[in-house]
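S.K.: As a plain string of letters, each chain reads:
Protein chains: 2
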Amino acid sequence: MGSDAAMSPKITVELLRQLRQAMRNTKYIAEPIQAYIVPSGDAHQSEYIAPCDCRREFICGFNGSAGTAIVTEKHAAMWTDGRYFLQASQQMDNNWTLMKMGLKETLSQEDWLISVLPENSTVGVDPWIIAADQWKNMSKALASAGHSLVAVQDNLIDAIWMDRPTRPSTQLLTLGLGFTGLTWQDKMTALRSKMAERKISWFVATALDEIAWLFNLRGSDIEYNPVFFAYAIVGMNTIRLFVDIKRLAVPTVREHLQLDTPSKVELSIQTAPYESVFTELQAVCASLGPKEKVWISDKASCALTQVIPKAHRSPIPYTPLCLAKAVKNATEIQGMKMAHIKDAVALCELFAWLEKEIPKGTVTEISAADKAEELRSQQKDFVGLSFPSISSVGPNGAIIHYRPLPETNRTLSLNEIYLLDSGAQYIDGTTDVTRTMHFGSPSAYEKETFTYVLKGHIAVSAAIFPNGTKGHLLDSFARQALWESGLDYLHGTGHGVGCFLNVHEGPCGISYKTFADEPLEAGMIVSDEPGYYEDGLFGIRIENVVLVVPAKPKYNYRNKGSLTFEPLTLVPIQAKMVNTDLLTQKERDWVNEYHRQCRETIGAELERQGRKEAMDWLIRETQPIA
Amino acid sequence: MGSDAAMSPKITVELLRQLRQAMRNTKYIAEPIQAYIVPSGDAHQSEYIAPCDCRREFICGFNGSAGTAIVTEKHAAMWTDGRYFLQASQQMDNNWTLMKMGLKETLSQEDWLISVLPENSTVGVDPWIIAADQWKNMSKALASAGHSLVAVQDNLIDAIWMDRPTRPSTQLLTLGLGFTGLTWQDKMTALRSKMAERKISWFVATALDEIAWLFNLRGSDIEYNPVFFAYAIVGMNTIRLFVDIKRLAVPTVREHLQLDTPSKVELSIQTAPYESVFTELQAVCASLGPKEKVWISDKASCALTQVIPKAHRSPIPYTPLCLAKAVKNATEIQGMKMAHIKDAVALCELFAWLEKEIPKGTVTEISAADKAEELRSQQKDFVGLSFPSISSVGPNGAIIHYRPLPETNRTLSLNEIYLLDSGAQYIDGTTDVTRTMHFGSPSAYEKETFTYVLKGHIAVSAAIFPNGTKGHLLDSFARQALWESGLDYLHGTGHGVGCFLNVHEGPCGISYKTFADEPLEAGMIVSDEPGYYEDGLFGIRIENVVLVVPAKPKYNYRNKGSLTFEPLTLVPIQAKMVNTDLLTQKERDWVNEYHRQCRETIGAELERQGRKEAMDWLIRETQPIA
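Each protein sequence line maps, in turn, to chains A and B. Be aware that the first sequence starts at 15, since it is given in the working numbering, and climbs by one per residue. Be aware that the second sequence starts at 15, since it is given in the working numbering, and climbs by one per residue.
Everything labelled a hint here was simulated from the structure, so no lab data went into it. There could be a bad hint or two in this list.
Here are some chain B residues the structure puts well away from chain A; computed CB gaps all over 10 Å [to be verified]: (1) ARG38; (2) LEU121; (3) ASP147; (4) TRP149; (5) LEU189; (6) THR197; (7) LYS201; (8) LYS305; (9) VAL321; (10) PRO331; (11) ASP395; (12) ALA458; (13) ILE478; (14) ASN570; (15) ASP595.
Straight-line distance between alpha carbons at most 27 Å, and here's what the computed BS3-like set of lysine-lysine pairs gives [what the hints assert, rightly or not]: (16) B/LYS351 / B/LYS394; (17) B/LYS626 / B/LYS351; (18) A/LYS568 / B/LYS600; (19) B/LYS307 / B/LYS208; (20) A/LYS118 / B/LYS307; (21) B/LYS114 / B/LYS150; (22) B/LYS88 / A/LYS213; (23) A/LYS213 / B/LYS114; (24) B/LYS307 / B/LYS374; (25) B/LYS590 / A/LYS568; (26) B/LYS461 / A/LYS568; (27) B/LYS213 / A/LYS88; (28) A/LYS150 / B/LYS213; (29) A/LYS307 / B/LYS154; (30) B/LYS154 / A/LYS154; (31) B/LYS118 / A/LYS208.
To be clear about the criterion: a stretch of chain A counts as covered by chain B if any three or more of its residues have a C-beta under 8 Å from a C-beta of chain B, and this derived list gives those stretches [stated by the list, open to error]: (32) 184-197; (33) 331-343.
All figures in this text were calculated on a predicted structure; none of them were measured in a lab. For each residue, glycine too, the CB sits at the ideal point set by N, CA and C.
Model the full structure from these sequences, guided by the hints.
M.R.: Right under this line is the structure:
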């Protein structure tokens with residue numbers, strides 16, 4: 015999972031000078047501000063963002079998926095997490111201080127601001143880009159130290175960004191029942207029944223993947239994420255969709271949304287321009303009865319959240335759409351399975367090809383990633399990649415969200431570990447898989463650490479746990495074998511995966527960070543991806559996408575029922591990398607059963623597609639280990 | 015770990031009538047209130063409380079250590095957690111609804127109030143009894159539904175409680191360097207340096223164990239907890255101790271606190287009556303400079319917290335005393351080890367005696383607990399029990415915090431499992447140990463579940479984990495074997511343990527609940543106590559107190575260092591209850607090494623004390639398992 019990783023630092027002297035000038039410019043703010051926060055998201059708090067929203071990257075050079083920059087009159091600092099320490103340190107020049115989140119000695123943004131700011135300072139931020147909950151925390155912390163947080167309506171990065179791209183408005187794709195399992199009308203009715211249950215009059219949808227899921231529409235406004243820029247406001251008898259109106263001219267879209275012939279009045283969609291959400295929400299709020307409540311995600315933008323008067327605002331950590339979307343229905347599960355079979359076919363083909371080509375010394379990280387994309391694109395209903403492929407050789411593998419660039423591009427060889435973390439969007443589902451391979455003879459140490467990672471992967475995948483268990487309680491299972499040898503990895507173990515939607519989605523996940531995750535439920539889909547990284551040497555990660563399914567252990571305590579995982583990803587795990595002496599019999603059985611499934615399911619599809627070389631590779635790679 | 019468990023329900027019709035009358039009585043409140051909250055704590059938010067503070071028990075009959083009662087005009091409900099479901103259901107009459115916390119269908123107190131209250135209701139609570147953070151959450155939730163939370167200065171339970179006991183004021187015990195490792199003056203200096211570090215002018219100590227620890231004093235105001243009712247306010251040059259002044263008349267106490275001959279002005283203690291803390295804190299706050307900050311625990315009473323103006327208030331989840339107290343120094347560790355050796359001697363003696371006596375049919379839960387207390391009291395520096403012994407036979411073992419009473423008292427036999435969870439206070443340390451034994455022939459099912467619990471106990475105790483790991487990340491290790499068979503237990507796995515202080519202390523613990531625990535550090539002491547409970551049949555729990563110590567695994571990732579646990583409890587785990595086929599070789603090795611330590615360390619002390627029968631029992635019970 016990753017994004018661009020330009021490895022020469024961006025020169026930011028002049029940009030910082032301009033930004034600091036803007037921070038004092040009364041054209042934008044009544045009084046000069048002493049610090050300006052540049053979060054990484056867009057107005058929808060998307061993780062992946064369109065080029066026009068890459069403001070944090072523009073100002074500091076670091077282009078990972080998570081990070082916040084803060085510029086004061088004298089300092090410039092950027093916070094990111096363990097996945098990106100190396101990448102960020104390489105992409106930023108020495109005007110910037112890298113703040114390594116998760117390390118004990120690293121100050122939080124609030125504490126850092128308090129430590130560097132002069133008394134009674136004012137800190138500015140674009141209220142559309144900062145989430146309401148972050149605004150609240152930051153504002154409170156600053157106030158406690160005598161400073162204040164203010165909303166700067168004009169974005170100061172945009173003010174100095176001369177060639178800023180325009181906001182995309184791509185063609186909309188309508189999805190039928192065969193892909194979604196539920197019509198958008200069904201989803202709307204379910205949403206309203208959740209609203210009625212909690213006595214909620216209005217719901218404001220701001221997350222792009224939730225809006226795409228609700229309306230059974232997809233777009234391509236953001237690379238790798240099949241979403242489109244929109245907002246929706248849903249009342250018990252009203253549906254308002256805010257989107258670039260030009261996009262609705264297409265007959266299939268008009269018909270899908272029943273724009274011209276609504277079946278019932280409460281399912282009639284009123285459309286309005288994307289930008290009008292602010293004033294329309296103001297109008298809705300102006301007409302609220304005294305007890306009426308409006309649901310909005312507590313991660314929605316501060317700007318939109320604050321439109322709703324506090325007495326009417328009911329912020330929620332996870333919206334009903336987020337929760338409904340996470341539990342895949344039978345059609346979606348079937349689609350995800352199909353997508354993973356096609357994806358495995360492409361990867362088997364790729365690995366067979368790599369084996370043949372690598373000895374020639376002509377395959378690079380970039381050409382391997384391109385080949386993977388080419389092979390995936392031959393599969394039915396392929397749409398695009400689900401994130402930039404992390405194709406990394408040797409030391410590059412230790413950069414957790416690495417993306418190969420011409421200046422960093424290494425050649426695959428028989429001497430170094432190759433880590434490929436990649437995935438695709440198919441109309442029936444989204445994939446995300448990591449395999450770590452050695453095409454020569456791995457060292458004992460490489461095999462040892464790979465085996466610990468494999469043990470962690472299996473411990474999660476084979477875990478049986480009670481219904482109602484939250485994913486974060488499974489995280490340590492993935493680390494146990496590494497911890498025993500004094501090793502660890504600085505990222506979470508798993509994330510929710512959308513169905514032809516974002517490859518990262520809430521509300522479930524498997525992480526040592528105790529965020530407010532919702533309990534795992536049958537039908538949820540998450541990744542299982544422990545790793546081990548040795549800076550400057552190699553990276554190891556083994557990732558499957560897994561489906562939460564009911565388990566049937568011997569007993570059933572308090573009739574709670576149990577759950578476990580079923581791998582959707584069916585790509586062989588390289589046996590050559592395993593030190594089988596370190597595996598228990600149970601773990602060996604797991605590997606052999608997994609490979610049996612790969613052979614059976616992917617073998618049948620390779621056969622059907624007549625892909626002989628990949629088939630031979632699959633047969634060989636799925637031989638039982640002793 | 016538990017408290018009284020009277021098994022016939024308390025009749026509360028008349029009490030509820032009186033309380034509801036008080037809720038409308040303008041003698042106590044300006045306007046009638048529609049609901050009254052009775053939390054379980056005292057003004058110090060103690061877990062164990064003095065009889066005068068047992069208000070929740072008085073009103074509903076339930077006397078477990080955790081629970082909140084709420085009475086409205088029509089309803090009465092009481093929230094408690096899984097440890098107490100059975101006990102609470104037996105102690106409360108049908109005027110009360112038991113609200114089972116942790117179950118998905120159970121409404122929170124806030125949601126329940128909102129669901130039953132008429133519009134615009136007022137909910138009352140004693141501001142001294144409710145913690146500031148709970149007040150905040152409750153107040154906010156009620157406000158969001160149009161209700162309001164108000165502070166009722168006169169406690170309404172006290173108003174109807176005719177024979178309410180007086181507040182205890184027991185003799186104070188001074189502890190010398192040989193027990194504490196640090197003088198109170200050293201601790202004060204360390205506290206002030208933490209205050210200076212964070213630019214804090216004043217610190218208000220409200221937790222009784224923190225005050226006892228800070229001043230190296232102990233009392234016996236609360237049964238099982240060697241604490242005394244007091245508050246302290248510490249400034250950079252001032253120390254104010256609020257305590258019943260009579261207690262300070264004793265020469266040893268006066269000398270210990272240097273009340274008559276302070277060495278330095280900043281270490282001179284000003285004493286004042288316990289009740290005057292409110293007005294004294296008001297006086298301190300009135301004299302604060304504009305930027306001065308006051309530290310107070312966010313769990314301190316709402317009443318005291320709100321004395322500090324918001325601009326000066328700096329609430330913290332864990333005070334510097336709580337954090338310093340949790341990491342035991344070398345003297346305290348040595349003391350804890352000594353206490354555990356003496357405790358193990360008493361338990362070996364007890365189990366040898368039980369083996370002999372049980373066949374006669376004369377030993378009951380109560381007499382076994384009494385015998386355990388008698389044997390412990392023979393040990394040097396014994397002070398008392400650290401909590402009411404949970405001495406439970408067969409089905410009583412499934413009541414997690416059971417305490418035998420005449421009407422529930424079962425006879426120990428060769429047919430039922432016996433669970434003893436008990437501990438003591440010695441001047442050098444606090445103990446807490448659970449052993450589950452069968453004196454006849456356990457069934458295959460009993461052995462199977464015992465073995466899963468043992469596997470969980472070992473998985474935690476033998477875990478190696480990176481420095482900085484929080485205890486909650488280890489909780490699932492304790493459950494893995496149970497989960498695999500569809501079993502679980504509804505309580506946390508471990509709690510911090512004080513040194514001749516409270517048997518439950520923060521800020522660390524091992525629990526599936528993601529509270530804000532602090533990372534584990536070498537020197538911290540916690541319990542490791544997974545269990546399994548079959549309602550109506552039996553209970554199993556295996557508990558050791560363990561010390562966090564550095565570990566030396568093969569590698570050292572990023573020089574972070576690793577930690578593991580060293581058992582302080584050294585009492586054999588009954589091999590007869592173990593199905594050794596279910597253990598791995600590693601687990602068998604752990605058991606044998608543990609028993610070797612028991613034999614070596616406790617054997618030496620039994621020898622020294624000339625306790626021959628216990629010695630024979632120990633030798634037999636510590637034979638290696640195959």
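S.K.: Honestly, which of those hints from before does the structure not fit?
M.R.: 8, 13, 14, 24, 32 and 33
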